[in-house]
Amino acid sequence: MAPTAKTDINFYFDPICPFAWMTSKWIRIVQAQRDYTVDWRFISLRLINAHLDYDSHFPPEYEAQHTAGLRLLRVASAAREQHGRAAVGPLYAAFGARILETPPDEHRTPGWPGTPELAADALAEAGLPTSLADFLDDTSRDPEIQAESDEALSLTGKDVGTPIVHFEPPEGVAFFGPVISRLPDEEQAAVLWDHVVGLARFPGFAELKRSLREQPQLPSFGVTAAQPGTVEDWHAGSRRLKK
1 MAPTAKTDIN FYFDPICPFA WMTSKWIRIV QAQRDYTVDW RFISLRLINA
51 HLDYDSHFPP EYEAQHTAGL RLLRVASAAR EQHGRAAVGP LYAAFGARIL
101 ETPPDEHRTP GWPGTPELAA DALAEAGLPT SLADFLDDTS RDPEIQAESD
151 EALSLTGKDV GTPIVHFEPP EGVAFFGPVI SRLPDEEQAA VLWDHVVGLA
201 RFPGFAELKR SLREQPQLPS FGVTAAQPGT VEDWHAGSRR LKK
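Counted the way the UniProt record's numbering counts, the sequence shown spans residues 1 to 243.
One or more hints might be untrue.
[As the list claims (entries may be wrong)] List time: in silico EDC-like cross-link candidates among lysine to aspartate or glutamate, alpha-carbon distance up to 20 Å: (1) Lys158 to Asp121; (2) Lys25 to Glu101; (3) Lys209 to Glu186; (4) Lys25 to Glu125; (5) Lys25 to Glu186; (6) Lys25 to Asp35; (7) Lys158 to Glu144; (8) Lys25 to Asp8; (9) Lys209 to Glu187; (10) Lys25 to Glu214; (11) Lys25 to Asp185; (12) Lys158 to Asp142; (13) Lys158 to Asp53; (14) Lys25 to Asp194; (15) Lys209 to Asp159; (16) Lys25 to Glu187; (17) Lys25 to Asp39; (18) Lys158 to Glu148; (19) Lys209 to Asp233.
The set of hints was computed from the structure by calculation and includes no laboratory data.
Using the sequences and the accompanying hints, generate a full structural model.
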């Protein structure tokens with residue numbers, strides 16, 4: 001049976017992460033059917049991986065893409081400060097629509113999501129001042145983003161990526177994921193979510209995990225909803241480098 005009590009969710013995201021985007025789409029479907037509130041919070045892949053050598057740990061484009069995510073989080077941080085926490089969800093949706101719901105383009109260079117033009121367009125769609133794009137390079141925002149990233153990892157442990165979902169905070173448990181590559185329909189969405197919440201409410205539950213993932217059914221991957229994506233082996237939030 002569906003839970004009758006109101007469930008609040010803290011959702012920690014990096015705007016360039018495709019799997020966080022897929023999970024957020026799923027949560028928005030469930031949120032429309034249930035009396036859930038979501039607080040959209042920040043976790044920066046660039047900051048949590050700052051201690052790593054990107055050349056040896058990630059594919060070549062990852063550093064620029066992770067930096068782009070940080071740049072957009074600075075904008076989101078300023079929007080939250082000036083316009084309240086409710087501004088973050090629509091802005092994240094506008095970021096995702098431009099980054100992950102558009103077809104691949106071979107002419108784009110790594111880091112392209114972190115441009116003033118994309119930020120300004122997303123801000124306008126979210127009903128926010130386009131002048132907030134000026135915060136893309138405001139590194140004074142980074143300590144706040146770092147603190148929120150640290151907060152997310154304090155709830156799960158450090159060997160995870162994004163998204164991190166905190167169920168029924170502050171007492172509830174938090175997990176990395178759920179990671180999905182296909183978006184459930186409206187009926188499936190609620191049923192699957194109830195199963196996830198059921199696991200989360202059991203105090204002894206720790207982890208379900210596999211590193212094999214389909215490419216998500218997103219236009220940015222060139223994968224349609226009518227086809228399964230290519231299966232890849234992921235590790236620590238990235239596709240494994242080919243030897």
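| task | Go through the numbered hints given earlier and state which of them the structure violates, listing their numbers in rising order. | result | Hints 1, 3 and 9 are the ones this structure does not satisfy, whereas the remaining hints hold.
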